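Chain B: place on chain A using the hints.
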Amino acid sequence: MTVRDTDPTLIDADELARQRRRRVEKIASWVLPAAVILLALFLWHWTVVANEIPHYILPGPGLVGEALVANAATLFDSWVITIQTTALALLAAVAGGVGLAVLFNQSRFAEMAFYPFAVILQVTPVVAVAPLILIYVTDLDLGLFVIPEKVLGMLIVAWIVAFFPILSNSTLGLRSADHNLRDLFSIYGATRWQRLRYLQIPAALPYFLGGLRIAGGLSLIGAVVAEFVAGTGGMGSGLAFRILEANYRLKTDLAFAALILIALTGVLIFALLSFLSHALLHKWHESAVKREV
Amino acid sequence: MPPGLRLTGRLDLAPADGPALPPLSLTAPAGRWTCLLGPSGVGKSTILRLLAGLPTGVGFEGEAGGDDRRPLAGRVAWMAQSDLLLPWLSVTENVMLGARLRRQRPDRARAREMIEAVGLGPHAAKTPSELSGGMRQRAALARLLMEDRPVALLDEPFGALDVRTRAEMQALAFRVLAGRTVLLVTHDAHEAARLGHRILLLTEAGLAEVEPPEGEPIRDPAGPAVLAAQARLTRRLLEPDA
Numbered sequence: 001m002t003v004r005d006t007d008p009t010l011i012d013a014d015e016l017a018r019q020r021r022r023r024v025e026k027i028a029s030w031v032l033p034a035a036v037i038l039l040a041l042f043l044w045h046w047t048v049v050a051n052e053i054p055h056y057i058l059p060g061p062g063l064v065g066e067a068l069v070a071n072a073a074t075l076f077d078s079w080v081i082t083i084q085t086t087a088l089a090l091l092a093a094v095a096g097g098v099g100l101a102v103l104f105n106q107s108r109f110a111e112m113a114f115y116p117f118a119v120i121l122q123v124t125p126v127v128a129v130a131p132l133i134l135i136y137v138t139d140l141d142l143g144l145f146v147i148p149e150k151v152l153g154m155l156i157v158a159w160i161v162a163f164f165p166i167l168s169n170s171t172l173g174l175r176s177a178d179h180n181l182r183d184l185f186s187i188y189g190a191t192r193w194q195r196l197r198y199l200q201i202p203a204a205l206p207y208f209l210g211g212l213r214i215a216g217g218l219s220l221i222g223a224v225v226a227e228f229v230a231g232t233g234g235m236g237s238g239l240a241f242r243i244l245e246a247n248y249r250l251k252t253d254l255a256f257a258a259l260i261l262i263a264l265t266g267v268l269i270f271a272l273l274s275f276l277s278h279a280l281l282h283k284w285h286e287s288a289v290k291r292e293v
Numbered sequence: 001m002p003p004g005l006r007l008t009g010r011l012d013l014a015p016a017d018g019p020a021l022p023p024l025s026l027t028a029p030a031g032r033w034t035c036l037l038g039p040s041g042v043g044k045s046t047i048l049r050l051l052a053g054l055p056t057g058v059g060f061e062g063e064a065g066g067d068d069r070r071p072l073a074g075r076v077a078w079m080a081q082s083d084l085l086l087p088w089l090s091v092t093e094n095v096m097l098g099a100r101l102r103r104q105r106p107d108r109a110r111a112r113e114m115i116e117a118v119g120l121g122p123h124a125a126k127t128p129s130e131l132s133g134g135m136r137q138r139a140a141l142a143r144l145l146m147e148d149r150p151v152a153l154l155d156e157p158f159g160a161l162d163v164r165t166r167a168e169m170q171a172l173a174f175r176v177l178a179g180r181t182v183l184l185v186t187h188d189a190h191e192a193a194r195l196g197h198r199i200l201l202l203t204e205a206g207l208a209e210v211e212p213p214e215g216e217p218i219r220d221p222a223g224p225a226v227l228a229a230q231a232r233l234t235r236r237l238l239e240p241d242a
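Residue numbers (the numbering used here), protein chains in the order written: chain A, 1 to 293; chain B, 1 to 242.
The shape of chain A in the complex, shown without the other chains (with noise of 0.2 Å):
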């Protein structure tokens, strides 16, 4: 190994290796998943084509394609509703989540006496209890605005769908402070509010921004699964409602066109997630900074 090391001309062709090695992965990166992608549309076409499957059974890529410029106008005014829906959920879930995880943190009573609760929130299926949540709930008077029934109905679905993986991971975040770090806070004499403020809450961030990229998912699936339930109204026709829409109309390559929105929507969410994943920790976490090996 020490020869190999020492011999100039070597060390020149395994650099060499390790560069190329680096510049296909880093085209591999786009080249392959766009790969993937073709494949399927074109399996996709194939299928329908092949087997020669009415439209409105399965349309083929092409007519989706056709009906999403088509019905470009509509769709985006339903998209805007649907990510309304979905940002506030999101922001629901994070004051919810991020709160209790804290309350949770600071008495160990309370959460003995509500993570059970978190829990049962967490596995109840939501399709089910939707219809009911949306009977429940009326107009709430905020003084200076009023959420509509409806909308809140829907917040309350998304909710309750995205609110878990942020508090689980919060609390998991707060808790695993090094302890070493811990006892340095002791001997500066810190307060409570101290530790957690200084020390628990930036320990706790990556693990609170792992879950909020989950989180972020979920709120697109919450705002959907409300939006199937809810219907038109409240505030105004999002995507899953031109799906049903579409559906009844027979016209599938609208409920595609509309079922694709809300993939790309998804995975539009997740990039932007950790985009701001990366920002606030490339600085200091391992999962963010570059090594050189």
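In short, the hints are calculated from the structure, not lab data.
Any given hint could be a false lead.
Cut-off 30 Å, straight-line C-alpha distance, at most; resulting in silico cross-link-like pairs (DSSO-like, lysine-lysine) [stated by the list, open to error]:
1) A:K26 / A:K283
2) A:K283 / B:K126
3) A:K150 / A:K26
4) B:K126 / A:K26
Quick look at which bits of chain A chain B covers, simulated, 3 or more residues with Cβ under 8 Å [stated by the list, open to error]:
5) 98 to 110
6) 172 to 182
7) 257 to 266
Model, not experiment: these values are computed from the prediction.
Virtual Cβ for every residue (Gly too), placed ideally from N, Cα, C.
This is chain B only, laid out in the frame that chain A set:
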């Protein structure tokens, strides 16, 4: 004048197995380096934690604190094998952590000075993940200096460093901590022989004082006095009952 340290009492490490440690009486003279040498798991760190007023999770009956009978809280600085730096703060911010926790305006000029003193000047804005192990311990040392407390409790702070970096860090720490009461816990006989004004050996048989090598610390790490003392201490670590 800094206070000396005193710990007397009975330590109940593991009541279930083995004979209990005999009652301890440990003192560390003011303004000097006392090295507490011993194998792992014998209770060295526990003694340090008792003196620092940290929770230990073991039974202790007795007294631990300063020899002036005033509480040590607020007069103790702490350094451990892990650097204890907050990974999300820069070196400068880490050095000023104490002031931040006391809600004081941090003295940037002084922080700068301390960082220069440990030779980290060009790295003041970096985060710990960008530094090597030795540099992180330098940053921890700069913070300890920034706090300017009369007592320093060091729990194997150089244990994870390579020989040369360790020797450099020992010399640096010895220089900048001059005049303070230092209690250094270590399992490295060489380190104790090099740094101790006073060397205490803690084994399963109890606490014993060992004659330090001749000459004032800090001693030549490769000199005959230190190496002979290292051999003597190693023998006693290997055969605690002899």
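Now the hints, each set against the structure:
With a CA separation close to 22 Å, the supplied pair K26 (chain A) and K283 (chain A) stays within the 30 Å bound. At most 30 Å may separate the alpha-carbon atoms for a hinted pair to count; K283 (chain A) and K126 (chain B) meet this at roughly 9 Å. Annotation: proposed proximity of K150 (chain A) to K26 (chain A) is violated, straight-line Cα distance about 47 Å (limit 30 Å). Between K126 (chain B) and K26 (chain A) the alpha-carbon distance is near 28 Å, which keeps this suggested pair within the 30 Å criterion.
Under the rule that three or more residues need a Cβ within less than 8 Å of chain B, the assignment of the segment 98 to 110 of chain A is violated, with 0 such residues. Remark: the segment 172 to 182 of chain A is confirmed as covered by chain B, as 3 of its residues place a Cβ nearer than 8 Å to a Cβ of that chain, reaching the required three. Here's how the segment 257 to 266 of chain A fares: 0 of its residues keep a CB closer than 8 Å to some CB of chain B, so the rule of at least three is not met and the hint is violated.
When held up to the earlier numbered hints, the structure conflicts with 3, 5 and 7 and fits the remainder.
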